[in-house]
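Respectively, the protein sequence lines represent chains D and P. Each residue of the first sequence is one higher than the one before, starting from 1 at the first, in this note's numbering. Each residue of the second sequence is one higher than the one before, starting from 1001 at the first, in this note's numbering.
Because the hints were derived from the structure by calculation, they are not lab data. Ideal Cβ placement from N, Cα and C applies to all residues, glycine included. One or more of the hints may lead you astray.
Unchecked claim - Computed far set for chain D versus chain P, every beta-carbon distance over 12 Å:
hint: 1; residue: Val87
hint: 2; residue: Leu225
hint: 3; residue: Asn233
hint: 4; residue: Ala237
hint: 5; residue: Gly243
hint: 6; residue: Asp253
hint: 7; residue: Glu258
hint: 8; residue: Glu307
hint: 9; residue: Gln395
hint: 10; residue: Lys396
Stated by the list, open to error - Partial pick of chain P residues on the chain D-facing surface, computed with a CB cut under 8 Å:
hint: 11; residue: Val1037
hint: 12; residue: Ala1038
hint: 13; residue: Ser1130
hint: 14; residue: Gln1204
hint: 15; residue: Lys1232
hint: 16; residue: Ser1393
hint: 17; residue: Tyr1397
hint: 18; residue: His1400
To be verified - Taking lysine-lysine and the PhoX-like style, the derived pairs with C-alpha atoms no more than 20 Å apart in a straight line are:
hint: 19; chain 1: D; residue 1: Lys330; chain 2: D; residue 2: Lys396
hint: 20; chain 1: P; residue 1: Lys1371; chain 2: D; residue 2: Lys160
hint: 21; chain 1: D; residue 1: Lys244; chain 2: P; residue 2: Lys1244
hint: 22; chain 1: P; residue 1: Lys1396; chain 2: P; residue 2: Lys1371
hint: 23; chain 1: D; residue 1: Lys396; chain 2: D; residue 2: Lys371
hint: 24; chain 1: P; residue 1: Lys1330; chain 2: P; residue 2: Lys1371
2 protein chains.
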Amino acid sequence: MPSAPEIQDSGAPVDVTRQLARYIARLQYTDLPDDVVAAARRGVLDWLGCALAGSHHPTLDILLSVARELNPQPQATVLGRQCRIGVMEAALVNGQMGHVLDYDDTHMAGVVLHASSPTLAALFALSETSGASGTDFMLAYAVGFEAGVRVGQASPGHHKGGWHLTGTLGTLAASAATARLLGLNEQQTIYALGIGATQAAGMQQNRGTMSKSFHAGKAASNGILAAKLAQKNFNSADDIIEGKRGFCRTFSDIASPELALDGLGGRWEIVRNGHKPYACGVVLHPAIDALIGIRATANLEPGVISEVTLRVHPLVLSITGLADPQTGLKSKFSIYHSAAIALIDGAAGILQYSDARALDPAVIALRRRVKVIADETLRTDEAHAHLISNGQSYQKYVEHALGTAANPMPDAAIQAKFMMNAEPVIGRERAERVCEYTVSLEKQPDVRELLKLCV
Amino acid sequence: MPSAPEIQDSGAPVDVTRQLARYIARLQYTDLPDDVVAAARRGVLDWLGCALAGSHHPTLDILLSVARELNPQPQATVLGRQCRIGVMEAALVNGQMGHVLDYDDTHMAGVVLHASSPTLAALFALSETSGASGTDFMLAYAVGFEAGVRVGQASPGHHKGGWHLTGTLGTLAASAATARLLGLNEQQTIYALGIGATQAAGMQQNRGTMSKSFHAGKAASNGILAAKLAQKNFNSADDIIEGKRGFCRTFSDIASPELALDGLGGRWEIVRNGHKPYACGVVLHPAIDALIGIRATANLEPGVISEVTLRVHPLVLSITGLADPQTGLKSKFSIYHSAAIALIDGAAGILQYSDARALDPAVIALRRRVKVIADETLRTDEAHAHLISNGQSYQKYVEHALGTAANPMPDAAIQAKFMMNAEPVIGRERAERVCEYTVSLEKQPDVRELLKLCV
Chain D
1 MPSAPEIQDS GAPVDVTRQL ARYIARLQYT DLPDDVVAAA RRGVLDWLGC ALAGSHHPTL
61 DILLSVAREL NPQPQATVLG RQCRIGVMEA ALVNGQMGHV LDYDDTHMAG VVLHASSPTL
121 AALFALSETS GASGTDFMLA YAVGFEAGVR VGQASPGHHK GGWHLTGTLG TLAASAATAR
181 LLGLNEQQTI YALGIGATQA AGMQQNRGTM SKSFHAGKAA SNGILAAKLA QKNFNSADDI
241 IEGKRGFCRT FSDIASPELA LDGLGGRWEI VRNGHKPYAC GVVLHPAIDA LIGIRATANL
301 EPGVISEVTL RVHPLVLSIT GLADPQTGLK SKFSIYHSAA IALIDGAAGI LQYSDARALD
361 PAVIALRRRV KVIADETLRT DEAHAHLISN GQSYQKYVEH ALGTAANPMP DAAIQAKFMM
421 NAEPVIGRER AERVCEYTVS LEKQPDVREL LKLCV
Chain P
1001 MPSAPEIQDS GAPVDVTRQL ARYIARLQYT DLPDDVVAAA RRGVLDWLGC ALAGSHHPTL
1061 DILLSVAREL NPQPQATVLG RQCRIGVMEA ALVNGQMGHV LDYDDTHMAG VVLHASSPTL
1121 AALFALSETS GASGTDFMLA YAVGFEAGVR VGQASPGHHK GGWHLTGTLG TLAASAATAR
1181 LLGLNEQQTI YALGIGATQA AGMQQNRGTM SKSFHAGKAA SNGILAAKLA QKNFNSADDI
1241 IEGKRGFCRT FSDIASPELA LDGLGGRWEI VRNGHKPYAC GVVLHPAIDA LIGIRATANL
1301 EPGVISEVTL RVHPLVLSIT GLADPQTGLK SKFSIYHSAA IALIDGAAGI LQYSDARALD
1361 PAVIALRRRV KVIADETLRT DEAHAHLISN GQSYQKYVEH ALGTAANPMP DAAIQAKFMM
1421 NAEPVIGRER AERVCEYTVS LEKQPDVREL LKLCV
């Protein structure tokens, strides 16, 4: 049915898509402030570790077997495996492995987006055929991240509408990033955004299933397809972000498309990116911080801890209130389990959320002695902990959890997390070389060297 | 951020997804009524013709060049070309070529869906690696069509929200169809719908660009990916259609998920499928019918027609009111041009909407003598025509345009349309063999024989 006349009218007076595309197409590496470069380095290292940690997850076994069958061309690296597959398929697989453990970075300023899984999976896969220096790569990553988060800020509430932002905004981020890596001009970048947006998808109904982290991979491969088509002038609407039936208004009832341009080039969203120190939902993090903090200064014997009391935001109980989780996956939704392993292991990594730890008698005994008080006056990144051990009392208050914008993980902590994630998969020596490589990412002539270390 | 507890609550009391999946998984070819089999035959033939006619469109040149670069594995046929590419890529390319001319079939009962482009492109591509008899193929097509239209009926208004149904519902249709072709069980079919739905996309903002028909191809390839993953038990939510954050409620504010099951197995939507006799928007069809009808009985000389008056639904003018189109593409939005070529050529096919015809002096002269009166009392499939030629007066009233559910194109007309579309691409002899093949599609052991004729 032709109803072309309807689409002539763009909803917004500002040509948001064109201005954003122009910015993406023209920006140079030397325009990036130092803190953006630092955030990009940290983002690459942390994401690679998460992907390697997820690379042998059963979900990936299935995805990889289908991807190999569909396109066994050895074009691009599958992280953590001895295997090369097609570029689109590698982006799909690596994007899903980056997000499968829900351990990857999360933007913390109003848009709950795991931007790196779609963006970096797309960039790494594409760089294997297009080539990319460290500076090309970091520039593309930074603008992709920016495009994804900013269009999200312009489309408030679409998470509540049922969409999974890592799928929807992730597709835009991956499209923008790969457009920049291919050096597309302004008009082609408009097309890349237009073709990307029209593929954007991912439903929250699929949470808790393999299809959730699939969104990150699909966003990555959709982004590559968008940029490759745009490079050959496959066209789209010129106003996909602000148009009446474009991205912002389709996904949000209260869209403000021009917000995507607010402070562009001045304020950088990647510097507000959050990295997870613990392999569980962020609402648990302040309490874990507090208990690890007590453990570090006191000489505790877990067996003699008689009482643990946590005062936290009410969401902690409503989201992660499971008292007696029987599997590793379920233990991620238990504040009681998280408190116990923080005190016993002084850590809350992948190992602490295994089936074995969920069923460990010492962990079970301690988590039964944990009390949780919901306190509406606290923020979600805030917690009070109090415990009694051997008759002595210990207290700790955490104002901002580690890994939030107000209390970022130090570089050393991100490196330690990477080593913990990567070493079991690629060995200590290679993992250390990856750390060294990313510390000077901007000096590297070809990021394919980095990928060679990650198999 | 874990908020898993939120998704436990399915929005609808009925397990719509499971019931639909069970139906899809269990249905046998012998369960199909005769009129469904006939509709499937017609659908396949008409769609192949549209795809062949679109196979050399410039949009396809770009798409094919990128698809070949991404996956040159010779797994599946590109229609109308001497070329084989990967299964997913063939589905993408063939799906877009089926819809690129907007000449493909359109469902006519409340859901404006071009179901065949995504569904058949997916089935043909998949059948090259999985194999498929004519009956397997028709069964899969029928259930895919049904799933797409029915979920659309359960999600009213999502077209107005900015979504292009051929992308969104098309992905579900292709997922259901390929799930059936692969013989997935009930639970796997649930997953195929869940993985399919979570990829569903396509924005109306892209109308009038190459990205619009791209939605049909993307839906086809998304559907294959969904079914292939589901076959290996890659999981998804069990309630993707009816869930609180599932397909119907995400895409529609007034969803009634259980409508998808209404009369399932009794009422078949594929028998209400509409086939376009003319290569332009359906609102123009009743007027073209009327004028071709007058031309067939009168001995007209276009040069001496002094006046043509059409009385039509007001939408005809608002959508297709262009008085003096300068290109073939624009002439599709002109009731004046359409009237002139109907009278001069007695046809309104692809040739009639070429640049050459838009600029032809005889066409221009006649279209200036056409008057159009908007009449709110008429339906959109209704028209009155009156003309004066050589002093004589002629009239014709069309109650239901040809190709609508109330006045379907006869099989002979569909065959004639196919020949007109296919002959310039594959030659008369092969085109005739395709007609013969599809007339007895249910008796064919392997549909790959049909594809061999279409290159």
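Consistency of the hints with the structure:
1. For Val87 (chain D), the requirement that its beta carbon stay farther than 12 Å from each beta carbon of chain P is not met, with the minimum near 6 Å.
2. Annotated as non-interface, Leu225 (chain D) brings its C-beta within 12 Å of a C-beta of chain P; the closest such distance is 8 Å.
3. The beta carbon of Asn233 (chain D) is not kept farther than 12 Å from every beta carbon of chain P, the shortest such distance being approximately 7 Å.
4. With a minimum CB-CB distance of about 5 Å to chain P, Ala237 (chain D) fails to clear the 12 Å threshold, and the non-interface call is violated.
5. Not every CB of chain P lies more than 12 Å from the CB of Gly243 (chain D), the least distance being 4 Å, so the non-interface label is violated.
6. Listed as outside the interface, Asp253 (chain D) is inconsistent with that label: its C-beta sits roughly 10 Å from the nearest C-beta of chain P, within the 12 Å cut-off.
7. With a cut of 12 Å on Cβ distances, Glu258 (chain D) stays outside the contact zone with chain P, its closest approach being about 17 Å.
8. At roughly 26 Å, the least C-beta separation between Glu307 (chain D) and chain P is larger than 12 Å, which holds for a residue marked as non-interface.
9. Taking the minimum C-beta to C-beta distance to chain P, about 27 Å, the non-interface status of Gln395 (chain D) holds against the 12 Å cut.
10. The Cβ of Lys396 (chain D) sits about 24 Å from the closest Cβ of chain P, beyond the 12 Å cut-off, so the non-interface label holds.
11. Taken as an interface hint, Val1037 (chain P) does not check out: its beta carbon lies about 28 Å from the nearest beta carbon of chain D, beyond 8 Å.
12. Restraint check, Ala1038 (chain P) versus chain D: the minimum CB separation of about 25 Å is more than 8 Å; hint violated.
13. Interface hint status for Ser1130 (chain P): violated, as the beta-carbon distance to the closest one in chain D is roughly 11 Å, over 8 Å.
14. Using the Cβ-Cβ criterion of 8 Å, the hint placing Gln1204 (chain P) at the interface with chain D is satisfied: the shortest such distance is roughly 4 Å.
15. Here the hint on Lys1232 (chain P) is kept, as its CB sits about 5 Å from the closest CB of chain D, short of 8 Å.
16. Taking 8 Å as the C-beta contact cut-off toward chain D, the hint placing Ser1393 (chain P) at the interface is violated, the least distance being around 31 Å.
17. Interface restraint check: Tyr1397 (chain P) against chain D, minimum CB-CB distance 23 Å, threshold 8 Å, status violated.
18. Contact between His1400 (chain P) and chain D, as hinted, is not supported at the beta carbon level, the nearest pair being about 17 Å apart and thus beyond 8 Å.
19. Using a Cα cut-off of 20 Å, the hinted pair Lys330 (chain D) and Lys396 (chain D) is violated, with the two alpha carbons roughly 27 Å apart.
20. Our distance criterion of 20 Å between C-alpha atoms is broken by Lys1371 (chain P) and Lys160 (chain D), whose separation comes to about 51 Å.
21. The straight-line distance between the Cα atoms of Lys244 (chain D) and Lys1244 (chain P) is roughly 26 Å, outside the 20 Å bound, and the hint therefore fails.
22. This hinted pair checks out: Lys1396 (chain P) and Lys1371 (chain P) have alpha carbons roughly 15 Å apart, not beyond 20 Å.
23. Distance restraint check for Lys396 (chain D) and Lys371 (chain D): the Cα-Cα separation of roughly 15 Å lies within the 20 Å cut-off, and the hinted pair is therefore satisfied.
24. Of the pairs offered as hints, the one joining Lys1330 (chain P) and Lys1371 (chain P) holds, with about 19 Å between alpha carbons and a cut-off of 20 Å not exceeded.
Comparing the model with each numbered hint stated earlier shows that hints 1, 2, 3, 4, 5, 6, 11, 12, 13, 16, 17, 18, 19, 20, 21 do not hold.
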